[in-house]
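These protein sequence lines map, in sequence, to chains A and B. Using my numbering, you'd call the opening residue of the first sequence number 116 and step up by one each time. Using my numbering, you'd call the opening residue of the second sequence number 14 and step up by one each time.
Errors might be hidden in some of the hints.
Here are the computed lysine-lysine pairs in the DSBU-like style, where the Cα-Cα straight-line distance is at most 30 Å [stated by the list, open to error]: (1) B:K121 x B:K70; (2) A:K159 x B:K69; (3) A:K124 x B:K49; (4) B:K49 x A:K159; (5) B:K72 x B:K49.
Derived contacts from chain A toward chain B, CB cut-off under 7 Å, selection only [unchecked claim]: (6) G157; (7) L158; (8) F205; (9) E216; (10) F219; (11) P221; (12) G222.
Have a look at the derived ranges for each label pair, beta carbon to beta carbon [as the list claims (entries may be wrong)]: (13) A:G131 x B:S39: 33 to 39 Å; (14) A:G131 x B:E30: 48 to 54 Å; (15) A:D188 x B:E80: 40 to 46 Å; (16) B:S39 x A:P198: 29 to 35 Å; (17) A:G168 x B:K72: 41 to 47 Å; (18) A:A197 x B:E30: 41 to 47 Å; (19) A:A197 x B:Q16: 22 to 28 Å; (20) A:N116 x B:R73: 25 to 31 Å; (21) A:P190 x B:I60: 26 to 32 Å; (22) A:P198 x B:G54: 20 to 26 Å; (23) A:N143 x B:V57: 17 to 23 Å; (24) A:S184 x B:Q93: 41 to 47 Å; (25) A:T185 x B:Y23: 38 to 44 Å.
I should point out that these hints are in silico values taken from the structure, not numbers from a laboratory. Think of the CB as a built atom: it goes at the ideal place given N, C-alpha and C, for glycine as much as any other residue.
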Amino acid sequence: NAGVTQTPKFRILKIGQSMTLQCAQDMNHNYMYWYRQDPGMGLKLIYYSVGAGITDKGEVPNGYNVSRSTTEDFPLRLELAAPSQTSVYFCASTTGTGYNEQFFGPGTRLTVL
Amino acid sequence: GQQVMQIPQYQHVQEGEDFTTYCNSSTTLSNIQWYKQRPGGHPVFLIQLVKSGEVKKQKRLTFQFGEAKKNSSLHITATQTTDVGTYFCAGTGGFKTIFGAGTRLFVKA
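This is chain A alone, in the form it adopts within the complex (with noise of 0.2 Å):
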């Protein structure tokens, strides 16, 4: 199993530009999470899902958005990227009813210029 994978590794983007942050994992796990991190700094979720097709929001979702069409999958959108929004972004997922460890994926390290 490759567990939880993220891409890119690395970002810069412009300010006002868009992307998407894959996470994806093999694991069959129903519970996903997306996390950021700024230096120095603990984790702050931003959204998250209990299933195929249910997502909601963390504790900082403005600017982000997400979308969980299969299990597997859970991508991240920055609309109009802020300088605020650079940081360490890490993907996690979890089995069952979410009281379990979580894995975390390697992160998109994202730089807004």
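Add chain B to chain A, keeping to what the hints say.
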């Protein structure tokens, strides 16, 4: 909303010294998880505590969950250079997991 606070923010220790990080929640938690993130890496799950007053050990690491299920601690005995990284606690309530800000551990050989 639910908040999870973690202290200290940083800790510098000499190799062989002990280390403790503390986690406090503003609300009662269903469970608490601990993760370790090496510099430049991603968080990796260490353990989950579910029961009030629970204590679990993993070699030199001891994890505790408070009686009121609102606080937790991670203690490392005789730190080694391989313990370097940031340790996060994460509290679960409902479908969401809220992470603390983490404690970054520096170990000097």
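How the hints compare with the structure:
1. B:K121 x B:K70: 24 Å, holds
2. A:K159 x B:K69: 27 Å, holds
3. A:K124 x B:K49: 20 Å, holds
4. B:K49 x A:K159: 16 Å, holds
5. B:K72 x B:K49: 15 Å, holds
6. G157: 4 Å, holds
7. L158: Status holds, d = 4 Å.
8. F205: The hint holds - F205 (chain A) has a Cβ within 7 Å of chain B, the shortest such distance being about 6 Å.
9. E216: 4 Å, holds
10. F219: This interface hint holds because 4 Å falls under the 7 Å limit.
11. P221: 6 Å, holds
12. G222: 5 Å, holds
13. A:G131 x B:S39: 33 to 39 Å: 37 Å, holds
14. A:G131 x B:E30: 48 to 54 Å: Holds, at about 50 Å.
15. A:D188 x B:E80: 40 to 46 Å: 42 Å, holds
16. B:S39 x A:P198: 29 to 35 Å: Between S39 (chain B) and P198 (chain A), where Cβ atoms are some 31 Å apart, the hint holds.
17. A:G168 x B:K72: 41 to 47 Å: 42 Å, holds
18. A:A197 x B:E30: 41 to 47 Å: 43 Å, holds
19. A:A197 x B:Q16: 22 to 28 Å: 25 Å, holds
20. A:N116 x B:R73: 25 to 31 Å: 30 Å, holds
21. A:P190 x B:I60: 26 to 32 Å: Once the Cβ atoms are compared, 31 Å apart, the range 26 to 32 Å for I60 (chain B) and P190 (chain A) holds.
22. A:P198 x B:G54: 20 to 26 Å: Since the Cβ atoms of P198 (chain A) and G54 (chain B) sit about 25 Å apart, the hinted range of 20 to 26 Å holds.
23. A:N143 x B:V57: 17 to 23 Å: For N143 (chain A) and V57 (chain B) the Cβ distance comes to about 21 Å; the hint holds.
24. A:S184 x B:Q93: 41 to 47 Å: This hint holds: roughly 45 Å between Cβ atoms.
25. A:T185 x B:Y23: 38 to 44 Å: With a Cβ separation near 41 Å, T185 (chain A) and Y23 (chain B) satisfy 38 to 44 Å, so the hint holds.
No hint from the list above goes unmet by this structure.
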